[in-house]
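Student: For any residue, its number in our numbering is found by taking its place in the first sequence, counting from 1, and adding 1322.
There's no promise every hint is true.
Stated by the list, open to error - Straight-line alpha carbon distances no greater than 16 Å define the calculated EDC-like cross-link-like pairs of lysine to aspartate or glutamate that follow:
| hint | residue 1 | residue 2 |
| --- | --- | --- |
| 1 | K1607 | E1801 |
| 2 | K1683 | D1658 |
| 3 | K1683 | D1693 |
| 4 | K1532 | D1474 |
| 5 | K1787 | D1597 |
| 6 | K1688 | D1627 |
| 7 | K1607 | D1750 |
| 8 | K1875 | D1542 |
Claimed, not checked - Each pair of labels, with its calculated beta carbon distance range:
| hint | residue 1 | residue 2 | range |
| --- | --- | --- | --- |
| 9 | P1374 | H1866 | 42 to 52 Å |
| 10 | R1364 | E1510 | 39 to 49 Å |
| 11 | Y1800 | R1479 | 17 to 27 Å |
| 12 | D1373 | R1738 | 50 to 60 Å |
| 13 | G1417 | L1584 | 33 to 43 Å |
It should be emphasised that the hints constitute simulated quantities derived from the structure, not laboratory data. The structure presented is a predicted model; accordingly, all values stated were derived computationally and were not measured. The C-beta atom is built at its ideal place from N, Cα and C for all residues, glycine as well.
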Amino acid sequence: MITRFSCGALRASDAGAAVELNGWVNRRRDHGGLIFVDLRDRDGVTQIVFDPTHVSFKDAEHLRNEDVLRITGTVRKRPAGTENSTLATGEIEVGIDSLEILNRSQVPPFQINVDADVDVDLRLEYRYLDLRRPRMQNNIILRHKIVKTMRDFFDERGFVEIETPMLIKSTPEGARDYLVPSRLYPGEFYALPQSPQLLKQICMIAGFGKYMQIARCMRDEDQRADRQPEFTQLDVEMSFTNQEDVIETMESCIRRVWKNVLGVDLAPFPRLTYDDAMNKYGIDKPDLRFGLELAQVNDIFAGTDFVVFKSVIDTEGAIVALRYPGGASLSRRDFDALTEEAKTAGARGMVWVALGADGVKSSAQKFINDDHVAKLRSATQSETGDAILLFADARAHALAVAGKMRNAVGERCGLRDPKQFSFCWVLDFPYLEVDDETGKAYPAHHPFTSPGEGQWQYLHTDPLKMRAQHYDMVLNGYELGSGSIRIHKPEEQRAIFEMLGMTPQQIQDQFGFFVKALEYGAPPHGGMALGIDRIVMLAAGENHLRDVIAFPKNQSARDVMMDAPSAVPEQLLRDLYLKSTAPPPPDQAAGR
RNA sequence: GGCGCUGUAGCUCAGUUGGUUAGAGCGCCGCCCUGUCACGGCGGAGGUCAUGGGUUCGAGCCCCACCAGCGUCGCCA
1323 MITRFSCGAL RASDAGAAVE LNGWVNRRRD HGGLIFVDLR DRDGVTQIVF DPTHVSFKDA
1383 EHLRNEDVLR ITGTVRKRPA GTENSTLATG EIEVGIDSLE ILNRSQVPPF QINVDADVDV
1443 DLRLEYRYLD LRRPRMQNNI ILRHKIVKTM RDFFDERGFV EIETPMLIKS TPEGARDYLV
1503 PSRLYPGEFY ALPQSPQLLK QICMIAGFGK YMQIARCMRD EDQRADRQPE FTQLDVEMSF
1563 TNQEDVIETM ESCIRRVWKN VLGVDLAPFP RLTYDDAMNK YGIDKPDLRF GLELAQVNDI
1623 FAGTDFVVFK SVIDTEGAIV ALRYPGGASL SRRDFDALTE EAKTAGARGM VWVALGADGV
1683 KSSAQKFIND DHVAKLRSAT QSETGDAILL FADARAHALA VAGKMRNAVG ERCGLRDPKQ
1743 FSFCWVLDFP YLEVDDETGK AYPAHHPFTS PGEGQWQYLH TDPLKMRAQH YDMVLNGYEL
1803 GSGSIRIHKP EEQRAIFEML GMTPQQIQDQ FGFFVKALEY GAPPHGGMAL GIDRIVMLAA
1863 GENHLRDVIA FPKNQSARDV MMDAPSAVPE QLLRDLYLKS TAPPPPDQAA GR
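Modelling step: build the complete structure from the supplied sequences, incorporating the hints.
Tutor: Shown next, in the form of structure tokens:
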């Protein structure tokens, strides 16, 4: 009897078995009188041996990479000395009995059988070939395992997965919506969900108690390496809960994922407040794989004659110091380049102090005395051989720039090991942020978040002081996701909307359905959403979401393989009561 | 929309100060080869140097414009 195996399954103990294998030609080694073909599928590679006396030998001579084969043969141990320890199947080979060429392949535009860099555009155009490469197959399979572990985890804890619709109502604020025109209602549009936020809250009002969903979300914003126009969230919501409960649940889920999928035992996630994060790391998503905490050193320079520092101190800005381990060996040229980098990050300038073994040098030599140096060393915990970088500006700005440079220094010093996973929670976010340009306050996250205990008192007196029951999970400097305890009382929800400047009529038009739902016995509830793409990316050690999404868009939000978006027939537009105001494309290929 | 980087053979890249016929590795095609596994040997094909202008006796190289890709800022309640 012939049994079908995958190309990664056979071992020495299978010797003598009659087997069928299906797969792609990974490589052919033709010795003239003997041909080896490595047959590949997602599971691995198995060596097939064609003997010149066999009828299939002639066909085997003409096999090319990526041809699709079905073979039958007999498993045998390789002759002593010819085993390949780098292959899981390296102790055996399959002697050919029959060869069926199921399909031929064109010469691929890039090689599938070597893990080399290939132009991204080409990879996306031939995504089926790109995905055939072992690295991509492993990433996609890793993704499956992570998502499966998440589903199992929440299932065990009594959560129900509920699908929410893709065609929903467009609501203001947030990211730009992807719109879908309605054929039945001329001039009206659905929006694709930016997240199922209100729907999952309504599931709580509906009494499901514990909800989860692997949810697709769409946001029509510009792309980044860690941002795609459509992405997937692990979306969770719980009734009769509190912040501690949600945090425990999500952290346990992630701990299970890392244990099951990567075999890694994660320590409990450290927690820090938003204020701590901003003061120590200059950012609300700190990379905790390394220390290098920022220090605010205004006091050290009290009474300085250095106008840059003096004016910042006088205007209640901040001088922020950052340690650069080993930075004393940098040349002036290096420091100039670093200064340029800081300017790109938004700095007005940068002062460096190099703590060389042969003395201290600085770009502000005249204004830095021994006392300053001693205090700076202590404040930044620097040692001889390090450098200290100083940024002076309005406080928030100086911290933000120093935070970006902290990551840059961490990168330069090799402190950002992709195999190290430093999670943390960031808590106690401000409820509101102020727009730098307009001076207008807007919610730091979303307006369904409940202010923390005792925070309502600031609603009318000092709203900027309000803290939210909001929490972020952060890994290696990436925000994995946010959650909050929600408002569940209709009058509180209206109060928040009104604080944000909405009129009763606007509240009714945009969120009327939701406030109404709150009036019918909404339970206290809260939850969280985690970005699955980012989780998989970091777990896989990749730097780009496109390496963990089967069919991603490019940076210009195009699907290069399908060539979407694309023009549609005029009639289709008429059916939807649409007329484009875009100038007509010069030819069919235009519009790119 | 701003800024930066990149664009040379199918792929990954090199290409000196602007100077003769633009190179390498892999891949591809042909021949040889019975224990390879990145098999090996011999031979061969393959280029609008992204595109359009300009400077120059002469441009892959310098200048301008433009397209594309990537990164980043804005944006992402």
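Student: Compare the structure with each hint and give your call.
Tutor: Hints, one by one, checked against the model:
1. K1607 with E1801: 6 Å, holds
2. K1683 with D1658: Distance ~14 Å between K1683 and D1658 Cα, so the pair holds.
3. K1683 with D1693: 14 Å, holds
4. K1532 with D1474: Holds - the C-alpha atoms of D1474 and K1532 are around 14 Å apart, at most 16 Å.
5. K1787 with D1597: 12 Å, holds
6. K1688 with D1627: 10 Å, holds
7. K1607 with D1750: Holds, because 13 Å separates the two Cα atoms, which is no more than 16 Å.
8. K1875 with D1542: Distance ~12 Å between K1875 and D1542 Cα, so the pair holds.
9. P1374 with H1866: 42 to 52 Å: 47 Å, holds
10. R1364 with E1510: 39 to 49 Å: 45 Å, holds
11. Y1800 with R1479: 17 to 27 Å: Once the Cβ atoms are compared, 26 Å apart, the range 17 to 27 Å for R1479 and Y1800 holds.
12. D1373 with R1738: 50 to 60 Å: The hinted range 50 to 60 Å holds for D1373 and R1738, with Cβ atoms some 52 Å apart.
13. G1417 with L1584: 33 to 43 Å: 38 Å, holds
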